[in-house]
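A.B. asks: Spelled out from the first residue to the last, the chains are:
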Amino acid sequence: MADERKLAYVMAFNEAVKQQMEADPNVFCAGEDIGAFGGVFGTFGGLQAKFGADRVVDTPISEQAIVGLGVGAAVTGLRPIVDLMFMDFICVALDQIVNQAAKLKYMFGGDAVLPLTITTAGGGGLSAAAQHSQSLEALLCHIPGLKVVMPSNPYDMKGLMTACIQENNPTVMIKHKRLLGMTGHVPEESYSIPLGKGNILRPGNDVTIVAYARMANEALLAAEELAKDGIDCEIIDPRTLQPLDTDLIVSSVKKTNHAVVVHEAVRFGGLGGEIASQIQELAFDYLDAPVTRIGAPFSPVPFSPALEQHYIPNAKTIVQGVRDVMARV
Amino acid sequence: MDRSPTDISVDVQLDLHRRMVRIRLFEEAAGRLAESNRLPGFLHLYVGEEAVAAGVCGALNDDDHITSTHRGHGHLVAKGGDFNRMMAELMGKATGYCKGKGGSMHISDTSLGMLGANGIVGAGSPIAVGAAFANRYRGRGQVAVAFFGDGSTNIGAFHEAANMACALHLPIVFACENNEYGEFTPRDKTMAITDIVDRAAGYGMPGVIVDGMDVIAVHEAAVEAVERARAGGGPSLIEAKTYRFYNHHGVQNLGLKYRSDDEVAMWKQRDPIFTLEDRMIENKAATRDQFDAIWAELRADIDTAIAFADESPYPTPDQIMVGVYTSMTGAQ
Ligand SMILES: Cc1ncc(C[n+]2csc(CCOP(=O)(O)OP(=O)(O)O)c2C)c(N)n1
Ligand SMILES: [Mg+2]
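Protein sequences, first through last, are from chains L and D. Residues in the first sequence are numbered from 730 upward in steps of one, following our numbering. Residues in the second sequence are numbered from 302 upward in steps of one, following our numbering.
It should be emphasised that the hints constitute simulated quantities derived from the structure, not laboratory data. Keep in mind that a hint or two might mislead.
List time: in silico BS3-like cross-link candidates among lysine-lysine, alpha-carbon distance up to 27 Å [to be verified]:
#	chain 1	residue 1	chain 2	residue 2
1	L	K984	L	K735
2	D	K558	L	K906
3	D	K490	L	K747
Keep in mind the model is a prediction, meaning the values are calculated, not measured.
The whole structure should be built from the sequences, with the hints applied where relevant.
C.D. replies: Written as structure tokens, this is what we have:
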């Protein structure tokens, strides 16, 4: 294990793109500042030098046309990766994502294939304020026709990004800005993780914590803390949010009889509500307490670190949430 | 460059100068604070482009409106922004313009008609159209100005705003800061035209190119466009050719080579403040001593602002939910 290769989350993304571009000449990338500059987060670093400006395209600041470029190129036979720098900017391109990419196939009676990957960066924790920090995944998961992926570590990033590129439906790959520098084991050879398959990040018996992206890592920290009190947490990282691995979540809850769902997004109307409903529909008789949801308060993301640190859930709030659920037994 | 006396009075020239120096000093102080990690978040500095905000805002009344960009401090300073509250906001303090909720990218003062810096490229222009509409609706002769970058003219919002403003013949001025780059990508990679002003004709409004390093030239063009708008003559577009002296965000180029040293040096030679000072001294409109005194006075204001911001408290967590909605009993 000592000599296993380590890679940063951002480079795991980069390597997946590189390997798929090598494997399939129909794969190309387009987005703002991704070419010569390699992307503002370095996600596309070195790719234009390797594959040329025809395959790694610097676009104008035109989010609607960037996604449209992907939709049109996908439906005519290419395999585009289009990048929206910050997740907040999906709002600028929402028609192309929601009304076009997600629906063309269905509206055409099934007679269209859209192997399109939209990549973006979500999440807070950088004092980037209300228009550069959002977690809008619930918005996307609500749209039939889209698949939505949010990896929590470098290994999953590479495997899921590879799967997104190979997928024949529009997918949205959401990187978390605070995980870009996270390093971990990433095999050099190409591999993919099936979309819709969750992962048991930590096995446990007493309570199921469902958490994804950065919150999965906070849940791991919380679990260590809770273990000191003899509370044994099982952490489920769904990895793909649409489709959601409901089976994995439900079978875990049937074992632990307690569930806490965590996300960084605003709690009201967040994905936690959907997950909690699935649990109570499919495992009601197994629950010893109501499912707890942890999420951000119902306000935009505040700028000041003095506010933002209390706004975003963390290991401490998860520990508290788990204690509350266990106390209700 | 033209160093002959202008028709613009010495008082107005000094006013424009003062606005520019205020911007420069604020921005350089912010840059220094950011470099010593005392400012959270992103910081987009306006240094180099001072003549645009100063020249345009110098043509406006206090009750006229402006919309701004991610590079917004200069616009607020030029409209009369208060250093103390600006600096406190940049530090995320409770005494800041936005009570620490907005920061650099959302800095605003509605009482000065400054409708916010904006984190979404292109989003300010449609809002300026709305302000211009409301201004004409009320009939008090106010105008609106949309400041925007060259890169933002590639986004749909700009085009919809320009077209609607012209279709409705609104009292608005579109003021483009063409600094030749959007982030790290040069303009010629993202549009097939050289001059943003070419876009104006497509919507049916007059457009002019001005030297954005010459505050007098910017001001003259702004006065003409603002007068046209006020008189019911409809929208116009001003394209100011300018340059940012620092990086897209932050100060240093971080070793990223997307502009040549020669190019940066060439533009710095044309520093909008120093060229105005030289010209006024040459034309005997002012003296070096006079300028030195202005810099010293405004520097002291900056020191005061930093001290004010430093001593100000951070907002407390109970403020997170305050200001999301307006209550029916009054604004929160
Ligand atoms: C809709 C949207 N897309 C992309 C960005 C990221 N971004 C921030 S500033 C910027 C460049 C803007 O260029 P320009 O309009 O020329 O203004 P400048 O920075 O040169 O003043 C970009 C791409 C954004 N904030 N909003
Ligand atoms: Mg620009």
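A.B. asks: With reference to the structure, classify each hint as holding or not holding.
C.D. replies: Each hint, compared with the structure:
1. K984/L with K735/L: With Cα atoms ~34 Å apart, K984/L and K735/L exceed 27 Å; violated.
2. K558/D with K906/L: At roughly 24 Å apart (the allowed maximum being 27 Å), K906/L and K558/D satisfy the hint.
3. K490/D with K747/L: Holds - the C-alpha atoms of K747/L and K490/D are around 23 Å apart, at most 27 Å.
The earlier numbered hint that this structure contradicts is number 1, and it is the only one.
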